[in-house]
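**Student:** Residue numbers (our numbering), protein chains in the order written: chain A, 1 to 270; chain B, 271 to 629; chain C, 630 to 915.
Just so you know, the hints here were simulated from the structure itself, not pulled from any lab data. No residue lacks a Cβ here, since even glycine has one placed at the ideal position from N, Cα and C. Please note that a few of the clues may not be correct.
[Said to hold, decoys possible] Computed Cβ-Cβ distance ranges for the label pairs, DEER-style:
(1) A:115 / C:840: 19 to 27 Å
(2) C:902 / A:193: 34 to 42 Å
(3) C:815 / A:17: 22 to 30 Å
(4) A:108 / B:353: 26 to 34 Å
(5) B:326 / C:909: 38 to 46 Å
(6) A:99 / B:527: 57 to 65 Å
(7) C:898 / A:138: 32 to 40 Å
(8) C:678 / A:138: 28 to 36 Å
(9) A:99 / C:678: 51 to 59 Å
(10) A:138 / B:326: 45 to 53 Å
(11) C:682 / A:48: 54 to 62 Å
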Amino acid sequence: MIRGSMMLQGLIRTFQLLAIAAILAFLLAPVLLVFPISFSADAYVSWPPSGWSTKWYVALLENDEMLEAFRNSFLLALYVTVLTLLIATPAAVALARSTFVGRDTLISIFTAPLLLPSIVLGLAILIIFVGQGLVGTWPGMILGHLVITLPYALRVLLTGLGTLPMFVEDAAGTLGAHPLTVFRRITLPLMTPALVATGALSFIVSFDEVVISLFIAGTQLKLLPVSLYHYVESRTDPLVAAVSAIMVLGTLLIVLIMERAMGLRRTVAK
Amino acid sequence: MYLKVDSLEKRYGAFDPSVSNLSFSLAQGELLGLLGPSGCGKTTTLRMISGMVAATSGRILVGGHDVTGLPTYRRNMGVMFQSYALFPHMTVAENVAFGLEMRKHSKHEIAKRVESALAMVRLNGVGDRKPRQLSGGQQQRVALARALVFEPDILLLDEPLSNLDAKLRDDMRNEIREIQQRLRMTTIFVTHDQTEAMAICDRIVVMNKGRLEQIGTPHEIYETPATPMVADFVGRINRLKGTWRSDGAIDINGSMTIRASRPGARGAPVLVMVRPHRIGLVASGSAIPSAEHENVLAGTIRQVTYIGDTLQYSVEAAGARILVEKATTSAGDPFQSGAEVLLHWSEQDTLTFAADGER
Amino acid sequence: MNTVSVNENPFGRKLVLACLLPILLVNIVAFMVPVLNLAAMSFRAASSTGSLEEGITVSTWLGLFGDGYYWSMVGRTVWFGILITIITLLLSYPLALFVSRREGSLKAFLVVVCISPLLISAVVRTYGWMVILGDQGVLPSLIRASGFTPPRLINNETGVIIGMVEILMPYMILSLLSGFGKLDATLEQAAGTLGARPFTVFRRVVLPLSLPGILLGCLLCFVLAVSSFITPKMLAGGRVSLLATEIYDQAIVTLNWPLAACLSVLILVVFGAALVLYGRLSKIVE
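Build out the structure end to end from the sequences listed, making use of the hints.
**Tutor:** Right, dumping it as structure tokens:
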């Protein structure tokens, strides 16, 4: 009787583990399967591939539009990241280190764009940008992405500033350091992990952003997620799998940077 | 007077002030303790003196100059924080050098003074380490060296010993006192520990609920406390409620008569306080020495607690419980629970306070 | 902001304002003005050529309310949102519970594995599902290989739901994990020592304590499901029209901005309703 119930328990445990593994496989399947498909020798996506080759990676290197889109997206993410850090860092320090009426309201206003569906935000920005001639321009794209990256950055930086050791800034003041010196010599070095995490997050958010880009990139400015989206609309060959595989690996790098800097969970959640 | 704090007040919004109408002053080279329970406003006071918190009203004068409006970085005061607040990304030497760097001393001068400051706190040779590689006691010495190395006008210590274990605390306390006296450094020492304050301070300010309760030497604070709060805070004490009689004695519950050295107004309620270790204890029927200036009371021992260096007796006398403390001896416990005893203490040791709190 | 009154900060009022000015400018120029303008746009009307007609009118709103097509679309969107949220919760809960009960580096690794898909482009992940669910894809091929006829998994509602559930799982897991933070393993052991059987422990201790995390995760998933557009568009091949995809079509293809603006406001109303419901349920749970 007792042995029977122990066997039953063992069975339940095995079943539980199998179920967990199945769910995990479901979660990771689309990300993992682009790798074998990207090495397919077929002209269209099919499983299992009739043979293996690197021809889609070669095709990618010969696809001028994809290469241009990749270069543009990379540059855009770079500009957006630098600007995000330059704009969000002083704002976060000012918000974290001073007390004034309306401070919490301001933080809510600055993070509000995250609450709005990006489809609504994209449409709203499109309508304004059309009037200003900003659609399809670099300044327009950068501005459109900053709306999304700044709230993320502000949240991560405020979290990071909140965990600084107590009173070190006060201590520097008592030792004779002017507030600007305190910032440069104490606050800035101590918030480096938060800055690295913020930079990585801003880069990946900008690089991956597709909805807002779809609205305001127009037809002239090619961006990778938008080009992929349009490519998939018309064709289903493994070229996109090759791009996807590269993007997954790139994201993995960003994830590692974030995990080392501040912890992924603390960076992504607030 | 070198440092003068004049009617200092701090209010946050519409709440009761954290500090109100606080005035005291320090002579050059004096070590003044700011003593009080947590939340009494002592740390806020220290932060106002150093400029980390702006005073709502009142003035702070150093050497005759009003510094109330000066930002922290221009006050030239060394502060040692409870958490030490060492810069984790700098080495010990860089931490100590920071204040000198801010004052634009030459590299050579800085190196020389950092070395002698580390020598002063007996930390030679750890200059290259990071703070987290040091023990708590060592970190504390670094914090002290950092606060002293630029020769501040005033040294402010915020609960500097509370993060150390008991043994280290006494050593460090004496070391701070020794360095302070050697440098003749005008110092304010914030603490909630009365033993600490008594042990090293020239004078003590006792604070409660943002107000000054008493200022005086440790002896004055302990022997002639100005308020029941002070009497209570600086050591264990028995409390009895009574009424002044016309003959200058005090009646407690109608069953006990106590004499004090200074009589009060007839019929007024009075709070009587006696320190447990100032009460003598003899077996019932024994003779009391110099009995004419003593209060004598018959009682029964209800509980005996042995805590190593002292014995605590809880004695029931005239309907009240009175705590008596005696030093232990190797001979063992002279009284058992249930023993009939006589309590006696001198009129001088009988502290009386009007029941509204004034002496 | 004239509400900014600085007291007692080491930087001084001007420096604080200077620090906040750039982010404020971006916020105003690229967020507040566009959103207010969008709300105003819903009270304009588009002519048949796509140009805007003069004057303020409620005719676009009236047209929207009078058209049963949009009513059924709102209904379908909400229904999809609910369905996707429930399936996501059912799949995420055991995984999150499993992860929260691991220790040390294994837990850290599992957390990273569960969350990092969040950072991979939605286009890439959805493409992954096209690879899996497509007619020549992995899953139909496997089903055929085992001798069955595979059902159609793409360019229909099934595909959208499968893809959306997977896309939203990391958000749900994240919310659940933060909810499980309050769940102390000793509580379960305590319940066990009091004689509760495992299922009873789950029902009486684990589930109630994780309800706040469940509610937060459901709110997040519902809101994201309702406003998602890339995944439905790619996996449904235009055959399932939802609020979000319709906004895009009206804005980019038909160029009827007033209608797109009205639909955007409609989405925000659905959001608001979900938030109100969340607030109510949270109070009950507390």
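**Student:** Each hint should be assessed against the structure and marked as holding or not.
**Tutor:** Results for each hint:
Separated by about 23 Å at the C-beta atoms, residue 115 (chain A) and residue 840 (chain C) satisfy the suggested range of 19 to 27 Å. Judged by the Cβ atoms, the range 34 to 42 Å given for residue 902 (chain C) and residue 193 (chain A) holds: they are separated by roughly 40 Å. Between residue 815 (chain C) and residue 17 (chain A) the CB atoms are about 24 Å apart, so this pair conforms to the stated range of 22 to 30 Å. Look at residue 108 (chain A) against residue 353 (chain B): about 31 Å separates their beta carbons, and that is inside 26 to 34 Å.
Restraint check, residue 326 (chain B) to residue 909 (chain C): a C-beta distance of roughly 43 Å satisfies the suggested window 38 to 46 Å. The given range of 57 to 65 Å is respected by residue 99 (chain A) and residue 527 (chain B), whose C-beta atoms sit roughly 58 Å from each other. Between residue 898 (chain C) and residue 138 (chain A) the Cβ separation comes to about 35 Å, which falls inside the hinted range of 32 to 40 Å. At roughly 31 Å, the beta-carbon separation of residue 678 (chain C) and residue 138 (chain A) lies within the given 28 to 36 Å, and the hint holds.
For residue 99 (chain A) paired with residue 678 (chain C), a C-beta distance near 55 Å keeps the hint of 51 to 59 Å intact. Evaluation of the 45 to 53 Å hint for residue 138 (chain A) and residue 326 (chain B) yields a pass: the beta carbon distance comes to about 52 Å. A hinted range of 54 to 62 Å for the beta carbons of residue 682 (chain C) and residue 48 (chain A) is consistent with their spacing of about 57 Å.
Violated hints: none; the structure is consistent with every hint.
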